[in-house]
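Asker: One-letter residues, chain by chain:
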Amino acid sequence: MYHYDEFDHAFVRERVAQFRDQVDRRLAGQLTEDEFRPLRLRNGLYLQLHAYMLRIAIPYGVLSPRQLRQLSMIGRKWDRGYGHFTTRTNLQYHWIKLVDVPDILSALADVEMHCIQTSGNSFRNVTADPFAGAAVDELEDPRPWCEVIRQWSTVHPEFSWLPRKFKFAITGAAEDRAAVPFHDIGLKIVKGPNSENGFRVFVGGGMGRTPYLGLEIRPFLEKRHLLSYIESILRVYNLYGRRDNLNKARIKILVNQLGIDKFREEVEADWAASPRKDTIDLPESELLRIQSYFAPPDLVPGPIVDEKVEQRRIIDPVFANWLKNNVRPHRVPGHCIVVIALKQPGRTPGDASSEEMELVADLAERYSRNELRVNYTQNLVLPHVARADLVTIYDELVRAGLAVGNNDLLGDMICCPGLDYCNLANARSIPIAKEIAKRFEDPKHQELIGPLRLNISGCINACGHHHAGNIGILGVDKKGTELYQISLGGSPKDDAAIGTIIGPGFRAEAVPQAIDTIIETYLANRTDGEDFLAMWRRVGSAPFKEALYGAV
Amino acid sequence: MPSVVTANRLTDGIVVYLATDGSWTEDIVHARLANTEEETKALEAEAADAVKARKVVAVYPTEVALHDGAVDPLSVRERIRASHRTTLTEDWYDVPL
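The listed protein sequences derive, respectively, from chains A and B.
If you use the numbering used here, the first sequence closes out at 552, no skipped numbers anywhere.
If you use the numbering used here, the second sequence closes out at 97, no skipped numbers anywhere.
Just so you know, these hints were derived from the structure itself, not from any lab.
A couple of the hints might just be wrong.
With a cut-off of at most 25 Å between alpha-carbon atoms, the simulated SDA-like pairs for lysine to any residue come out as follows [claimed, not checked]:
#1 A:K97 <-> B:T11
#2 A:K97 <-> B:A48
#3 A:K77 <-> A:Q30
Derived contacts from chain A toward chain B, CB cut-off under 7 Å, selection only [stated by the list, open to error]:
#4 G29
#5 E33
#6 F36
#7 L49
#8 L419
Glycine included, C-beta positions come from ideal geometry on N, C-alpha and C.
Start from the sequences, fold in the hints, and give me the full structure.
Answerer: If you want it as structure tokens, here you go:
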């Protein structure tokens with residue numbers, strides 16, 4: 001992974017000192033709340049429902065065990081002993097004291113972490129394939145490019161006051177595991193006309209109040225021109241993006257109002273006219289320097305079958321279930337990728353206690369070459385595990401209550417903090433997730449249902465990705481009552497789609513039964529091997545509407 | 001409908017209520033009730049002074065119900081705020097679905 005150089009260390013330390021001074025001035029009365037708010041938001045500090053919330057950047061979801069241990073320590077020392085992994089692969093602490101924040105930022109700087117640009121109308125954390133550098137279907141590791149974008153976008157002087165926040169996603173794999181079409185700019189590494197790698201560029205995707213899938217602006221961009229080209233996209237957005245209406249300020253609105261052809265024309269004209277292209281694009285030597293941080297670990301290929309694993313699989317169906325759903329193939333034979341699901345029934349999706357963070361850090365250190373990832377479905381990933389270590393890892397996860405084998409099944413719900421924590425929320429999402437988890441607790445039933453993405457947001461801002469759920473749940477406030485709209489048919493994958501609202505909303509207590517009805521309708525109508533999305537696309541909304549609302 | 005005035009404490013952000021003794025309390029049962037518009041305005045004026053004194057931020061009045069003399073927040077949001085709870089533990093549904 002990337003390590004700070006002298007400049008990075010000095011820059012982050014300077015920001016900590018600046019914020020310490022800003023907090024001191026706020027507490028001394030030299031800054032009003034109105035003056036202080038934009039300063040704290042630039043450092044990821046929100047005032048939420050119960051307390052201050054601090055959002056810590058985990059760049060493109062990559063963590064070291066040392067960093068996770070520090071996060072564990074911060075949770076224990078300055079919060080209530082747990083944190084919440086988000087769909088932007090960041091970590092939030094929800095019970096932070098303002099007076100402690102300078103010390104927390106300093107503790108983060110000790111392990112090369114910070115909270116810069118985790119809030120406000122700035123470039124946010126880049127989403128990457130959580131299996132980067134390990135996946136069997138990868139054309140090129142996207143992490144060096146994520147790091148290039150991170151460095152380019154950090155306090156970029158021209159784009160420090162964008163109309164609205166801005167999010168990138170990059171994948172170098174055949175399968176989209178980063179929800180690329182739902183980002184302001186989505187990049188897929190693809191083969192070009194001369195078999196060289198480059199970027200397929202999408203623009204204008206996003207969720208929120210007005211969801212759009214990103215549109216292709218360029219089928220192939222030479223890698224060396226990445227920065228100058230995205231600067232041109234940002235320049236057009238910065239110039240024409242709406243600043244008069246918060247709800248129309250994202251680039252997706254501009255792209256769809258102008259039309260992708262006109263938007264492309266503007267970008268290409270700016271790019272062609274850019275006099276500084278050569279100075280903006282990254283020199284080859286700098287790219288090589290950054291790439292050197294992401295050299296693959298020297299894994300020794302081994303047998304693809306491990307006797308201990310096979311024996312355990314035969315005698316222990318729960319282990320077999322975990323193996324099937326949470327263990328993924330690795331490009332080096334004899335190795336695999338392990339998804340640690342933070343989705344045990346009864347817990348808040350994405351929450352991890354300080355003890356659990358320490359355990360996972362230990363596992364990464366001992367069994368995954370000091371590497372860890374956070375994925376946007378709010379789970380943790382050990383990317384480089386020897387197959388021979390799987391049984392040991394599983395047993396440790398069982399002891400910690402982290403061995404649930406529901407990755408990518410119904411129980412693997414995405415869930416935002418909702419009204420339990422968030423000032424923007426209209427309704428609770430965590431209790432809904434917990435009640436659904438309780439109803440579908442039986443792993444055999446989840447297996448029978450098969451792959452299913454169920455996403456829950458507590459407001460229209462869609463942090464819980466409800467638009468991209470095969471089943472999406474959106475909490476709204478209707479005259480003081482929490483009401484939940486259900487949408488069907490969304491997908492965050494290569495066949496990306498925005499879900500369709502199926503009908504009138506449900507009161508909170510009726511949601512689990514409604515989900516049950518949807519699942520029973522799917523099971524009754526599917527053909528052999530047909531997953532939920534395929535069945536929805538074949539039959540449409542009619543049987544679901546009838547089951548939920550009666551004959552029309 | 002009676003009201004109380006709530007805010008977040010500046011130093012730690014914890015939810016507080018303007019109390020009967022003029023202090024800020026984390027426990028809504030000790031919140032001072034305003035039964036008229038004038039009384040609510042008086043509470044807000046007192047709270048505005050506390051903002052200037054850097055005790056609290058994000059002040060607003062919120063309506064409550066009284067059950068056997070005990071203050072009960074009306075909205076789900078305010079009941080959650082008043083409970084100061086975490087969600088890490090299982091079965092914590094103190095605000096029922």
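Asker: Decide, hint by hint, whether the structure agrees.
Answerer: Right, here's what the structure says about each hint:
no.: 1; hint: A:K97 <-> B:T11; in the structure: 6 Å, holds
no.: 2; hint: A:K97 <-> B:A48; in the structure: 22 Å, holds
no.: 3; hint: A:K77 <-> A:Q30; in the structure: 29 Å, violated
no.: 4; hint: G29; in the structure: 5 Å, holds
no.: 5; hint: E33; in the structure: 5 Å, holds
no.: 6; hint: F36; in the structure: 9 Å, violated
no.: 7; hint: L49; in the structure: 6 Å, holds
no.: 8; hint: L419; in the structure: 6 Å, holds
Hints 3, 6, counting from the list given before, are not met by this structure.
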